[in-house]
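**Student:** Protein chains in written order, with this note's numbering: chain A, 7 to 324; chain B, 65 to 563; chain C, 284 to 611.
Just to be clear, a hint being listed does not mean it is correct.
Claimed, not checked - Below are the BS3-like pairs computed for lysine-lysine, each with C-alpha atoms no more than 30 angstroms apart in a straight line: (1) C:K496 - B:K342; (2) B:K378 - C:K496; (3) C:K496 - B:K202; (4) B:K264 - B:K313; (5) B:K381 - C:K496; (6) B:K454 - C:K555; (7) B:K422 - B:K342.
Unchecked claim - Which residues of chain A face chain C? A partial, calculated answer using Cβ under 10 angstroms: (8) G47; (9) Q212; (10) L215; (11) Q241; (12) K257; (13) L308.
Because the hints were derived from the structure by calculation, they are not lab data.
All C-beta atoms, glycine included, are put in the ideal place defined by N, C-alpha and C.
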Amino acid sequence: MLRRSVLAGVALAGTLAAAPLAAQDAQEYTIGVAIPSATHGFMGGLNFHAQDTIKRLEGVYPQLTFVLATAGNAGKMVNDIEDMVATRDIDALVVLPFESEPLTSPVKAVADAGIWVTVVDRGLSQPGIEDLYVAGDNPGFGRVAGEYFVDNLESGSKIVILRGIPTTLDNERVEAFEAALDGSGIEILDKQHGNWNRDDAFNVMQDYLSKYPEIDAVWASDDDMAVGVMEAIAQAGRTEEMWVVGGAGMKQIIKRIMDGDPQLPVNVTYPPAQISTAIEMTALGLVSQTPVSGRMIIGSQLVTPENAEQFYFPDSPF
Amino acid sequence: MSDPILAIRNVSRSFGPVQVLFDVDFDLRAGEVHALIGENGAGKSTTMKILAGYQPPTSGDVLLDGKPVVFDDAQHAEAQGIVMIHQEFNLAQQLSVEENIFLGRELRRGPFLDHKAMQDESRRLLDRLNCPVDPRAKISDISVPNRQMVEIAKALGRDARVLIMDEPTAVLTARETDILLDLIDRLRAEGCAILYTSHKLDEIARIADRVTVLRDGHRVFEGPAKGMTQDAMAEAMVGRELSNLFKPKGKPQDQTVLEVRNLGVAGLVHDASFHLNKGEVLGFAGLVGSGRTELMEGVTGLRDATGTVTVHGKPLKPGSIRAAREAGLVYLTEDRKEKGLLLNKGLTENLTLLALHKFTHPWIDTAAEDRALTDAIAEFDIRAGDRNMKAGNLSGGNQQKLLLGKTMLADPDIVVIDEPTRGIDIGTKQQIYDFIVELAASGKSVVVISSELSEVIGLANRVMVMASGRIVGEVSGDDINERTIVKLAMGMTSKDDAA
Amino acid sequence: MSETTAKTWMPSFHVLGPLLALIVLIILGASINSNFLSYGNVTNVLARSAFIGIIAVGMTFVITAGGIDLSVGSMAAFVAGVMILVMNALIPSIGVTVPVVLLGMLTALVAGFIAGWVNGVLIATVKIEAFIVTLGTMGIYRSLVTWLADGGTLSLDFDLRGLYRPVYYDGLLGVSWPIIVFALVAILGELAMRHLPFGRHCGAIGANEQVAKYSAINVQRTRIATYVLLGMLVGLATIMYVPRLGSASASTGVLWELEAIAAVIIGGTALKGGYGRVWGTVVGVLILSLIDNILNLASIVSPYLNGTIQGVIVILAVVLQRGKKTDG
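When you get a sec, could you build the whole thing from the sequences and use the hints?
**Tutor:** Shown next as structure tokens:
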């Protein structure tokens, strides 16, 4: 709670500093932002970046008002969006659909009413509704990690994979990872679901370690899982034997890469800050003539000790 | 004599290694009330259950209209017009009276339930029993005697040719019993065959045409009821002479152990004051619902109450049954199945529950518990086939003895016994009466609440009479007689008439 | 007397059902993978069972007394969160020292005590259905920990973790602490259930609250005590949990309540109350952990079907013990 007020103070200072720069445009706009609530690390980071960006933009553009709503399920998100249109008279909507199917027609209704629509991360099930699409690159996320494995392991090396919660997203990542490994001679010993959860990943990794006497590397595919995996490896005393690649750029992991931890050579980004990109571009489109419609795919980048600093957000909860 | 509608011949029945019936014959004829009497555990329930199709005999025949029959289950027997009215109510607590009466044979109009018709028919059936209950009332909201009436109405609604009644009057008041016996008269006149059991031998003498007596699973007597005295019935049941049910009363000492002043329980008991002396048996008489149980629950801390309770000169902490127990005051409930015993648990666990602290130092001493059970079995003559059986499998009388043993284990000075002999046989009754008299003689004090006037009259040194939540009179000495007590209980009298 | 003893110890299916299921699983595991019975794997499985196990022992008392507690998973996450915040906050004043860890442990026990007491009072004194109360507190604790962590993860200070770490990873004579603590809790729980008035009273209240009341048992206080005990055991489980990963987040302890309840029921405690056995609960916990472990070691079925296999085994274990119950 102490931390919260500190954060608020920092944000406020930023606002004050930015205020004098604001343009003095008379036309006022309202932007609605609908995102899932912070139920796990990645969404927590996404919530943080959304709030942070909104605070900053409100300072930069006094003529903009933001309405932020977080939802724990698709039904609540639909209600939130309907309320925004009916009572807040929004000019633009930035939405990260909780699920694609149920959100498609409500968002379409918003677009049909002439309101600017920006869709983030998860596409709607019908193409062409949104004016702007901003998303991370799931196949790229798997491919970049896979390419690192190919470049840094010899043929005949043995690796294990920890998968996320069974979803399309997880399938896309794992398929791209396996495709990148094709023909390299690297052997995938096992792939089980760790459900993007530290405890589950810890248990799965413990069992891998009992089962396989020789493991050269682990693709944990998520930083929360990487934390559990490394703990299990440390317990088994096999830290020297293998390295671990997580994903998504959790600040503690990035910090360790910056510090050159041999067990964590690299990371692959899937930035929660993509919500900032979406909000920022939407705002830009409203207040200026800058063309912003289209598709924007934020590539998954390889984080190495050399470039880690630019991916490090110490204030983010993620 | 007409041919029997339903009969059993040479029927034996065993449960595992234990044989409970030996070559029993029994007939039910149209237009006849056949009483089946015997002590608890004599085999009455088993006989009735075989007749009503709940259990098959181990050997022997069931004859329906002279032909051997094997009932698949009770539904099969019911389809043949044989209906049993249980002592333990088979009513769905959360359903209405009407829904219970028509359970499983609901009247319909098209696809919908015809509530109107079912309510009218229920009303008609209940009217025959002079029972004023609203057919729409929920069972859980009506009194225990009314539930018994609903159970009977349910059987009547099934157009029974043979009606098997297992102690239907155990929970009824005298007036309600009269109505029921009149109804049985009418059913008999209509040609119904009726099996009737009761521990109240005066009812048997009044209603029965024939009597069969069971003792230890054997039929020891069968013959016309006419000319058979209640004493003769009792002796046939017990197999020994019951010269006098009650031992002579003891003499209380002149020392007050319990003093209750202006006790009130919201809406149920008003301004009740009384005292109890050392070595005294104090009777509480009154109609069911007159507030006797509620008063005593207020005294012993089971209900919130106003007023003061003083035990051995010290005020008792209100609302704490534990404080009452520590002061030596305990209450033995009238409802042994719902409030007295854990029916699904063993005998030991039940026996020591109230006085568990005596067996704890700091672990529960199971060996001492086991010895306590041995002692209780000997002292209270608890007849349990197996020490490890569940309390719920004991007969009613033995459950009552176990409950008595549980209560006495707390080593109380003052014992409040609510309906000490409800639903138990005459032999056990006498044992319990003897026990109460001995208890008082040993310097303990006893309060006896009973709806059986003979019990209060036979045991109490003094009798408090309650009506509508108030103590309306106190009688002692030669005034303890049926006439005085009933007049007080019915509110027909002034103080001087009673005195 | 001798008759009594003979009866009690007669091996019946009803009593041994869960134990048989456990033995079958062990044989199955050993035949699938030679590492199954290795020291490392056995230690892993037992240590990881400890959190749910410690909680399930407390849950046995709650269920035996006719109650239920759905909030334990969220409660564990909340207690872990509070514990981490308190320890991190103490470092500037006390430094990275053992007292900080001890104060953190105390915090966990006190937080568990309070959380259990709140549940107990709402259920026993205010008389709201246990299912509703704990469904409510389940949501409350879960959202509180999310809020404390700002939607992210609360992490214990890195240096302090180094100090605290041995509580999960080290042990005595090669047996790790969580296993020792779990074993102690189970033994004490079994003794309390069988040989203390408290256990007897729980069974009586669960079997028939009226009879318990008329037998001078303080029903309200005993009921609250079951929830307080469970809350404190959640605190104890958390003390063992935090050093493992050094963090708490909104996803900590998800579904622990269902695992704990399932373990209790598999072990032969009656869901409607009135009868409970702690050793059965321990067997139930081990069965649940072994299923996961064997599925990970075997990789013969699609991991998508893990839930199905767990469900089937859980139902089978309960069916086994019901097999001969009709006789009783």
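**Student:** With reference to the structure, classify each hint as holding or not holding.
**Tutor:** Hints, one by one, checked against the model:
Distance hint between C:K496 and B:K342 is fulfilled; the C-alpha atoms sit about 27 angstroms from each other, no more than 30 angstroms. Distance check on the hinted pair: B:K378 and C:K496 sit about 24 angstroms apart at the alpha-carbon level, within 30 angstroms; holds. Taking the CA atoms of C:K496 and B:K202, the gap is near 26 angstroms; set against the 30 angstroms cutoff, the hint holds. Distance check on the hinted pair: B:K264 and B:K313 sit about 23 angstroms apart at the alpha-carbon level, within 30 angstroms; holds.
Restraint check for B:K381 and C:K496: satisfied, since their Cα atoms lie roughly 17 angstroms apart, inside the 30 angstroms limit. Taking the CA atoms of B:K454 and C:K555, the gap is near 18 angstroms; set against the 30 angstroms cutoff, the hint holds. At most 30 angstroms may separate the alpha-carbon atoms for a hinted pair to count; B:K422 and B:K342 meet this at roughly 25 angstroms. Given the 10 angstroms rule on beta carbons, the hint for A:G47 holds: about 6 angstroms separates it from the nearest Cβ of chain C.
Because the closest C-beta pair between A:Q212 and chain C is about 5 angstroms apart, less than 10 angstroms, the hint holds. A hinted interface residue such as A:L215 counts as satisfied when its beta carbon comes closer than 10 angstroms to some beta carbon of chain C; here the least separation is about 8 angstroms, so the hint holds. Hint status for A:Q241 relative to chain C: holds, with the closest Cβ pair at about 6 angstroms, below 10 angstroms. Proximity of A:K257 to chain C holds as hinted, the smallest CB-CB distance being about 9 angstroms (cut-off 10 angstroms).
This hint is violated: A:L308 has a C-beta 23 angstroms from the nearest C-beta of chain C, more than the 10 angstroms allowed.
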